[in-house]
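Peer 1: One-letter residues, chain by chain:
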Amino acid sequence: MKDKQSQVLKEKISSIFHQSDGKFTRHRHLENGKYGLGKVPQQLKPDATTRVICGFCSTGCCLDIHLKDGQAVNITPTTEYPVNLGMACPKGWEALTPLKSPDRATTPLLRKPHDKLEPVDWHTALSIFTERFKAIQEKYGSESIAFLSTGQIPMEEMAYLGALAKFGMGILHGDGNTRQCMATSVVSYKQSFGFDAPPYTYKDFEESDVIVLIGSNLCVAHPIMWERVMMNRNNPEIVVIDPRATETAMAATQHYAIRPKSDIYLFYGLAHILIEGGNIDKTYIEMHTTAFNDFAEHVKSYTPEFVSSKTGIEISRLYHLADTIARGKRVSFWWTMGVNQSYEGVRVAQSIINLALMTGNIGRPGTGANSITGQCNAMGSRLFSNTTNLLGSHDFTNPQHRQKVADILGINVSRIPQENSWAYDQIVDGITSGKIKGLWIIATNSSHSWINQGRFNKIIQQLDFLVVQDMYHTTESAQRADLVLPAAAWGEKEGTFINSERRIGLIKKVTQAPGIALSDFNIFKLIAHHWGCAELFQGWETPEDVFGILKKVSKGQPCDITGIKDYQMLDNMGGVQWPFKEGASLNSNERRLFSDGHYYHPDGKAKFLFEDPRQSLEAPDAEYPFWLLTGRGTTAQWHTQTRTCKSSVLRKLYPEEVYVEINGADARKLGIGSNELVSLISRRGQIQAHAYITYQVQQGQIFIPMHYEETNKLTLSQFDPYSRQPSYKACAVKIERSRSIRDHIQPFGKDEPMTASEDIQHANILLIIGADMAENHPILFHMIQRRRSEERSTRIIVVDPRNTRTTQYADVHVTLAANGEAAFLQLVAKRLCTMGHIDKRSVKRNHQGFNTYRTYLETLDEQTLISTYQLHPARIDEVVEFLAMPGHLFSFYYPENGQHTHRVGIDVTLMNLHLQLGQVGMKGSGYLSLRG
Amino acid sequence: MEVPKKMTEFELQQLVVSTLAEQREITAIEKYTQQHENLQFPLQEKYYRDLMPVSQPKQGQQYAFEVDLDRCSGCKACVTACHSLNGLGENETWRSVGLLLGGTEEKPIQQHVTTACHHCAEPACMHGCPVNAYEKDEMTGIVKHLDDQCIGCVYCTLKCPYEVPQYDKAHGIVRKCDMCADRLTEGEAPACVQACPTQALAIKVVDKEKILEESQATALVPGAPPSDYTLPTTTYNSNQAVPRNMLPSDYHHLNPQDSHPPLIIMLVLTQLSVGAFCVDMLLNTFLNNPVAPYLNPIRSVVALCSGLLALGASVFHLGRPLYAFRVVVGLKKSWLSREVLVFGLFAILAVLYAASFWIGEIENTHFMLGLGVIMSGMLGVVFSVLVYADCRKELWREFISGFKFFTTVAILGFSTTLITSTTSVLFINSVERKEALLFSIGPLCLGLTFISALKMLWEVSIFRYLKDHSYSIFKRAALLMVGKLNRVTLLRFLTGGLGGLLLPLLVYYASHNIDPNSSDTVLLIGLSIVTFSLTLIGEFCERYLFFTTAVSLKMPGDF
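Line by line, the protein sequences are chains A and B. Residue numbering for the first sequence follows the working numbering, starting at 1 and increasing by one per position. Residue numbering for the second sequence follows the working numbering, starting at 1 and increasing by one per position.
Read the hints as simulated data drawn from the structure, not as lab findings. One or more of the hints may lead you astray.
Straight-line alpha carbon distances no greater than 27 Å define the calculated DSSO-like cross-link-like pairs of lysine-lysine that follow [stated by the list, open to error]:
1) B/467 to A/669
2) A/100 to B/31
3) A/652 to B/169
4) A/23 to B/208
5) A/134 to B/6
Starting from the given sequences, assemble the full structure and let the hints guide the process.
Peer 2: This is the structure in structure tokens:
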């Protein structure tokens with residue numbers, strides 16, 4: 001007994017000096033988590049798990065959500081799911097983190113006149129939503145409201161939105177961000193096959209012996225599809241066609257670095273070689289296609305010499321590629337945004353489809369002309385968003401289709417528009433022409449992602465009412481809204497997604513939405529009631545009810561899903577691909593289309609489509625000598641980063657600031673060093689980015705990831721004529737070393753050029769008058785923000801009657817009536833004079849008339865000015881207090897939109913203020929008049 | 001069909017209330033069938049079975065990570081899987097993925113490199129740890145960190161050339177990858193191995209002999225630190241030839257390293273203290289200073305206080321200062337333990353020494369104690385040098401650290417004694433003694449000037465690397481000094497120049513030319529205070545640059 005006690009004592013004493021167990025050790029202890037998970041962290045051990053489809057990309061991976069005490073605490077990828085086989089990319093692993101961000105919109109926010117967004121309750125928000133939109137419709141017609149939706153919400157919500165907007169609210173024009181990623185594929189398939197039908201299943205990646213990836217950086221954009229490529233046991237030829245030597249190109253067996261936008265020449269040229277060599281499947285062409293002879297005639301002129309001159313690929317390599325395709329027994333063609341986001345994307349996609357058709361590489365395992373989609377539910381939007389197509393991929397202009405849908409929904413057929421909607425770019429143009437006055441943006445971030453962003457953000461200022469419905473109130477778009485509706489996110493609601501291989505999968509409610517955020521479904525439901533059209537939506541109570549309705553709508557269509565019983569069935573089966581007709585049996589859960597060679601055109605045949613190549617509206621020239629390519633940067637970034645930037649782990653996995661890939665030889669020529677900040681200038685905008693010097697991009701080309709807000713300031717509004725998809729991947733830019741930024745700033749009142757960038761770096765107070773710098777002078781504003789982040793005591797004061805993006809960042813926003821700026825500045829100057837803040841040296845040297853000016857200031861009638869210009873005495877005090885403190889003052893003045901009728905008055909007053917305070921001629925002090 | 005009438009205002013508000021209530025219900029669990037409820041067996045096993053070793057390591061073998069570079073596409077799922085499956089802190093990651101770039105216009109190459117702890121055969125972290133918080137498992141070879149033993153001294157983060165141990169501020173300890181040892185014991189794959197979509201990661205059994213063989217004159221991947229320092233066990237395999245110009249994508253990213261403010265304070269002040277004692281002793285011994293007995297009590301207390309302040313700072317920098325006593329267990333192998341203990345001894349002796357002046361004269365005690373103080377202090381500084389030299393950073397080599405630390409000892413020793421000497425003038429009445437005292441100031445000033453000049457000359461010499469073609473570690477340090485750290489650099493040379501060169505000469509001049517009874521002595525005191533302050537600031541700056549410019553080779557990072 002004694003021994004034991006002394007033993008324990010001994011151990012205790014020795015553990016004081018050497019402790020191998022304790023709270024920290026236990027904290028990282030792993031335990032068997034059951035549910036087939038293996039070991040999990042003890043403190044996160046689940047008491048239930050459930051499967052949810054990931055809400056980022058279109059791969060449609062399934063994730064096991066670990067729940068503990070009813071809270072979602074962790075994620076592991078689902079082993080037994082036919083898509084991802086127990087794997088996920090970083091975004092999937094981190095899917096729960098963005099839900100917990102403090103940036104979440106937790107309550108509706110309404111912009112009060114001359115003020116910031118303020119919380120309101122749902123009833124108020126929706127009453128205002130209804131009132132404002134109805135008022136606009138009354139004034140300008142019901143078509144004057146439009147909506148921009150998304151590929152990120154479940155299809156039940158898309159359907160509700162589409163039906164509510166078009167059948168309930170009388171909206172004609174609505175489109176989605178899916179226009180930016182796959183409209184081209186939709187149109188190509190529709191024209192070629194008779195229906196928008198990506199034919200493949202992921203198993204095809206494993207079963208090919210030749211895999212041709214076109215404009216697709218699978219390793220980065222769809223890492224889990226790349227997993228399937230790596231599972232291919234046929235030692236396949238992996239061919240990558242991409243101007244950049246991407247991660248995927250690195251892993252490929254053949255890489256063809258074609259010139260940007262020369263893809264169409266390449267594929268016509270390959271068809272030419274294959275036809276010449278007799279390497280085509282004549283039987284297949286004969287039995288299952290039309291218009292081949294015309295196509296063969298068309299490609300006659302695309303000789304290897306001609307194609308080589310266009311693409312930059314040597315003739316022998318063209319033959320080698322054609323030969324690879326000809327010798328392959330199971331050749332699959334895959335394309336993504338490199339093809340879709342082009343001003344002639346539809347014809348390029350079809351030139352790929354043509355290759356598959358003519359070589360008979362379709363309908364068999366390991367083959368196909370396969371478009372890989374972008375967003376988690378882009379495929380759902382293609383069928384059920386009621387935007388471009390009537391619900392269920394029906395046609396608005398077809399009376400039978402309208403009647404069919406009206407009957408199923410139990411609504412009057414007159415509710416269904418008879419015309420097609422405008423596409424995204426046409427809606428934007430509609431705002432310019434004054435036809436669209438109200439806009440409702442749902443779960444997308446147009447202010448960041450739309451092509452030629454600067455133009456878009458200017459245009460939406462013309463709207464009478466902008467509603468943004470999003471999970472974050474901080475997105476670039478939400479910051480510009482008049483009304484923000486807080487949405488529950490993925491994981492906080494139910495519904496279904498369709499992935500790239502047509503698999504319908506389930507998302508579930510595994511955690512609570514923050515504050516009083518509501519699912520988009522619930523928001524639409526409430527709007528239906530507030531709008532007064534709820535009678536159309538009887539039976540649309542739950543997402544699963546709507547799923548039932550969509551099933552009925554799909555009946556008889558190629559996308560028939562009437563065989564899916566309910567959500568539970570989807571959950572049990574591991575998702576189900578369309579089509580799955582009622583009564584059919586599911587022999588395999590990895591199915592492809594067209595194994596019978598039967599297409600959806602009335603004649604049952606696929607069609608060869610082709611056209612002469614077009615010219616890009618802009619190509620590199622002497623002034624702007626570089627092609628700008630855009631695309632995905634890393635697996636850890638998603639689109640505009642609204643979600644991925646909320647995870648500190650994901651943020652660690654990608655460069656924080658925008659960077660530009662520049663070819664080593666170009667960098668040498670321009671004298672640019674690695675990681676140097678350079679300016680990139682297009683005809684539309686200018687940005688700064690860190691130089692990433694590499695040979696992955698060719699000479700004369702640069703690459704910037706699309707995830708950074710800056711990127712789309714450069715891109716050019718150019719669209720495919722058939723799909724209206726924006727051409728993000730081709731515009732002309734020039735590169736300058738960053739010093740040149742000063743040339744773009746015009747100093748005021750001084751002969752020598754001002755070095756504003758240097759001054760900003762030393763200023764303590766930045767006074768911005770009448771300029772929305774965040775919008776119109778982003779580089780300068782970036783410097784201002786950087787200065788403040790480096791030196792936290794720096795203050796930004798904005799004097800502007802408007803609410804702009806810049807005012808969002810202001811420490812003090814001085815609101816006033818139009819043209820009140822001079823009065824405000826004079827009152828500030830007066831107050832400072834009274835307090836004795838006069839720099840005698842400066843005044844003596846620079847300001848001969850100062851005493852007169854001072855007398856003038858003293859005679860000012862403060863009360864009258866305050867009431868005339870709606871000035872707030874508290875703001876004046878605040879600004880005076882800041883200016884009275886020691887430090888450097890730097891001011892910006894820019895009369896925007898011609899709003900200032902007495903510009904000179906403001907200029908002079910501002911100059912006087914600086915002279916009075918001696919805030920001139922020192923590093924960090926000065927003033928700038930900005931030009932547009 | 002019955003058309004529902006439009007809702008009233010009240011009904012609409014009620015509808016909002018009920019919708020909000022409905023939104024709060026979490027339905028996923030009750031609504032859907034729970035799968036695999038009691039399945040203990042990991043389903044994922046079928047995918048990672050082939051990535052695990054068939055048998056356990058035998059004698060002379062250990063587990064190791066194996067990376068097939070040709071299969072790695074840089075998706076970084078390994079990083080997030082490790083994070084989630086080990087329940088790491090919000091910002092904590094134990095694995096990272098870097099990028100190598102190179103090749104030619106015709107054949108560009110980029111290669112992602114996934115890296116975590118290499119479970120080295122000779123772990124530097126373990127050898128440096130003052131509290132034995134690292135263990136290398138005898139059977140598996142896994143380098144395991146004992147979180148509860150850790151005192152948060154972060155020495156291992158300086159020792160490991162692969163940036164593996166990560167300091168967790170919230171808990172005040174370091175944590176690191178343990179190859180998911182708990183998983184391995186039950187045949188489960190580590191999180192990263194389980195989660196790699198392309199099966200680029202595996203666990204292998206490796207021979208330690210072979211590791212030694214393969215670590216000679218090589219590095220794991222281009223740009224990585226030389227392997228012969230710690231003998232990392234990870235194998236990177238590839239069938240591709242690595243082009244000559246392959247470089248980490250962050251090779252040109254130049255950022256100041258962590259400055260470790262408490263360590264700066266600790267180093268500078270211990271050196272000040274040791275220097276003050278030494279200079280005192282020198283003055284007493286060689287100059288046979290007649291005023292010494294009057295000055296020693298004050299001087300020793302001043303020196304002692306700064307020494308104690310330094311030790312306080314060093315304890316303060318620990319994540320878990322309460323457990324500082326554990327450093328005794330690392331005595332056998334850790335220079336840090338030795339440094340701390342010797343300075344502990346120094347502090348005790350210094351207290352006794354200082355106290356002895358106040359108690360009264362005992363035969364030879366002053367001298368013996370003084371000698372003990374000086375010897376322990378000097379030994380302490382030697383150990384400080386070795387603490388940093390042992391990190392194998394080029395900029396912390398024995399000679400460099402040694403030169404910097406011992407010149408600090410001299411400079412601050414002189415300038416502290418200068419201040420105590422001049423101040424003492426006020427307290428001495430005898431004119432003779434005053435004169436003697438002033439006379440003794442001369443050598444102090446000259447010594448200070450000489451050492452300062454020597455030190456700064458040597459420090460300036462680093463700028464010659466700016467012209468170097470090679471982007472060497474020294475060039476990077478020099479670039480940092482003229483770039484992101486230019487203000488500190490400027491301050492360092494300004495304070496060093498004024499306080500170390502100009503003012504001491506002025507004091508020297510003044511001390512020989514003033515009337516000891518006039519009020520000019522106050523001026524002298526003022527000058528020496530300024531001298532002291534400037535040299536102290538100068539040495540703080542020097543030490544700040546010592547830490548912040550200590551760039552070293554590392555595993556490739558991301559752009």
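Peer 1: If a hint holds in the structure, say so; if it does not, say that too.
Peer 2: Right, here's what the structure says about each hint:
{"no.": "1", "hint": "B/467 to A/669", "result": "21 Å, holds"}
{"no.": "2", "hint": "A/100 to B/31", "result": "24 Å, holds"}
{"no.": "3", "hint": "A/652 to B/169", "result": "18 Å, holds"}
{"no.": "4", "hint": "A/23 to B/208", "result": "34 Å, violated"}
{"no.": "5", "hint": "A/134 to B/6", "result": "16 Å, holds"}
Of the numbered hints given earlier, the model fails hint 4 alone.
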